[in-house]
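2 protein chains.
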Amino acid sequence: MQADHHFGQIVDRLLKTGAAHHLTFRNLPAGRLIYGSDEEFDGDFALLFLRSGRLRCFSTFEGKEMTLFQMEPGDAISLHAHSMLEVKKAAELVIIGLPTFRAMALAEPELALTAMTLLDHVLQRSIRLIEDMAFHGVKHRLIRALCDTADREGRRDEHGIVLDTVPNTEDFAMQIGATRQSVSTVLAELVRCGIVHRYGTGTMVISDLGRLKRELVSVR
Amino acid sequence: MQADHHFGQIVDRLLKTGAAHHLTFRNLPAGRLIYGSDEEFDGDFALLFLRSGRLRCFSTFEGKEMTLFQMEPGDAISLHAHSMLEVKKAAELVIIGLPTFRAMALAEPELALTAMTLLDHVLQRSIRLIEDMAFHGVKHRLIRALCDTADREGRRDEHGIVLDTVPNTEDFAMQIGATRQSVSTVLAELVRCGIVHRYGTGTMVISDLGRLKRELVSVR
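Here the protein sequences come in this chain order: A and B.
Counting in this note's numbering, the first sequence runs from 1 upward without gaps.
Counting in this note's numbering, the second sequence runs from 1 upward without gaps.
Just so you know, the hints here were simulated from the structure itself, not pulled from any lab data.
Here a beta-carbon is modelled for each residue, glycine too, at the ideal position from N, C-alpha and C.
A hint or two may mislead.
Unchecked claim - On the chain B side, residues computed to face chain A include the following (Cβ under 8 Å):
no.: 1; residue: S78
no.: 2; residue: A81
no.: 3; residue: M84
no.: 4; residue: L119
no.: 5; residue: I130
no.: 6; residue: V138
As the list claims (entries may be wrong) - No more than 30 Å apart at the CA atoms, straight line, and that leaves these computed lysine-lysine pairs for DSBU-like:
no.: 7; chain 1: A; residue 1: K64; chain 2: A; residue 2: K139
no.: 8; chain 1: A; residue 1: K64; chain 2: B; residue 2: K88
no.: 9; chain 1: A; residue 1: K88; chain 2: A; residue 2: K64
no.: 10; chain 1: A; residue 1: K64; chain 2: B; residue 2: K64
no.: 11; chain 1: A; residue 1: K213; chain 2: B; residue 2: K213
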């Protein structure tokens with residue numbers, strides 16, 4: 001994406017010109033949690049820009065968890081006091097407080113335009129999630145999550161599309177805002193139809209991704 | 001809000017300096033619909049800035065509607081081909097295509113920073129909506145919608161807080177992503193408890209807003 005490219009390039013340039021002491025760079029291992037409330041930044045929020053790895057933004061309430069977005073390299077998000085993220089794959093990230101960002105953007109207007117576009121991507125994704133929750137049932141949402149995971153991480157072999165590190169039932173439930181039990185019911189149904197095979201823990205084979213995608217049209 | 005102020009001021013200034021021919025100004029009566037697909041703009045999206053009145057952004061699917069956000073003066077949103085808005089109160093708005101906005105923002109970097117902050121407001125609201133749908137039942141969501149409406153539009157008289165143009169059951173259902181029937185059940189319950197009185201069509205009195213707000217804590 002052009003926008004990401006710009007942002008990354010500008011950050012790289014700032015690194016070289018010595019502006020790096022205003023920025024917070026982090027190298028975080030998988031499993032590490034990032035709490036907005038732990039970060040020290042002035043102003044309403046900070047911008048978090050992901051350079052490599054993968055993050056999961058989530059919300060919690062009384063022991064329940066809901067995955068909001070997955071972030072891939074090049075994505076950015078605003079980091080507020082209530083923001084919570086989990087490092088899913090060892091990540092390299094930059095956190096820029098608003099006053100610092102403001103100073104940088106006044107000197108380099110392209111930066112704010114790019115950040116605006118990146119935040120809009122996140123906004124559009126959140127609108128799709130709202131639509132999904134309002135208009136679609138658990139089966140539809142789970143099939144979509146499976147197709148997205150297959151498109152993103154799937155490896156083709158003679159049995160179909162192999163997902164080597166497939167989220168477990170609970171992860172899927174969090175991701176689509178459903179209960180574990182309803183996810184497990186739908187997964188069992190997909191296995192029964194022969195569309196999906198579960199092997200050892202954490203591995204899944206989608207024998208017919210085309211058929212799975214076609215289900216999206218017919219399942220509310 | 002400082003950000004809105006800036007944006008409005010900058011737009012006002014642009015009006016005076018003759019940059020107005022690059023911008024689309026609209027005066028729209030209540031009830032008018034705005035479809036992103038009807039707007040002519042280059043680039044991924046346009047920015048819609050609301051100067052006065054009120055708008056409702058919504059999504060539809062197979063005859064069902066879901067209200068995403070209400071926009072008040074000073075709010076901005078990105079307008080995509082799939083965006084749909086309804087004018088709830090006669091509105092004055094500005095639509096700026098991305099290339100025009102880019103040119104303006106390069107000359108006036110404050111503009112992109114402000115737009116970024118305004119889009120982030122919308123993003124945070126959408127995250128709250130996702131959390132509401134994932135973590136709270138219809139009763140909680142409806143009570144919150146009532147409290148928000150009371151805080152925004154309520155008029156105090158001897159009976160409590162009067163809402164002169166209260167959304168009907170269907171509007172509330174769309175707003176919180178629930179069915180008409182479940183909203184109607186919860187409203188009947190609130191009337192039975194004496195917290196809410198429904199008078200003629202479109203008018204509602206909340207006799208005890210404090211008690212209604214306290215309900216939010218106890219109701220999942």
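The hints, checked one at a time:
1. S78: Check passed: Cβ of S78(B) comes within 5 Å of chain A, closer than 8 Å.
2. A81: violated (11 Å)
3. M84: Nearest chain A Cβ about 11 Å off; hint violated.
4. L119: With a closest approach of 5 Å, the L119(B) hint holds.
5. I130: holds (6 Å)
6. V138: At 13 Å from the nearest chain A Cβ, V138(B) fails the 8 Å test, so the hint is violated.
7. K64(A) with K139(A): Holds, at roughly 20 Å.
8. K64(A) with K88(B): violated (36 Å)
9. K88(A) with K64(A): Since the Cα atoms of K88(A) and K64(A) sit roughly 19 Å apart, the hinted pair holds (cutoff 30 Å).
10. K64(A) with K64(B): Status holds; Cα separation ~28 Å.
11. K213(A) with K213(B): violated (44 Å)
Hints 2, 3, 6, 8, 11 from the earlier list are contradicted by this structure; the remaining hints agree with it.
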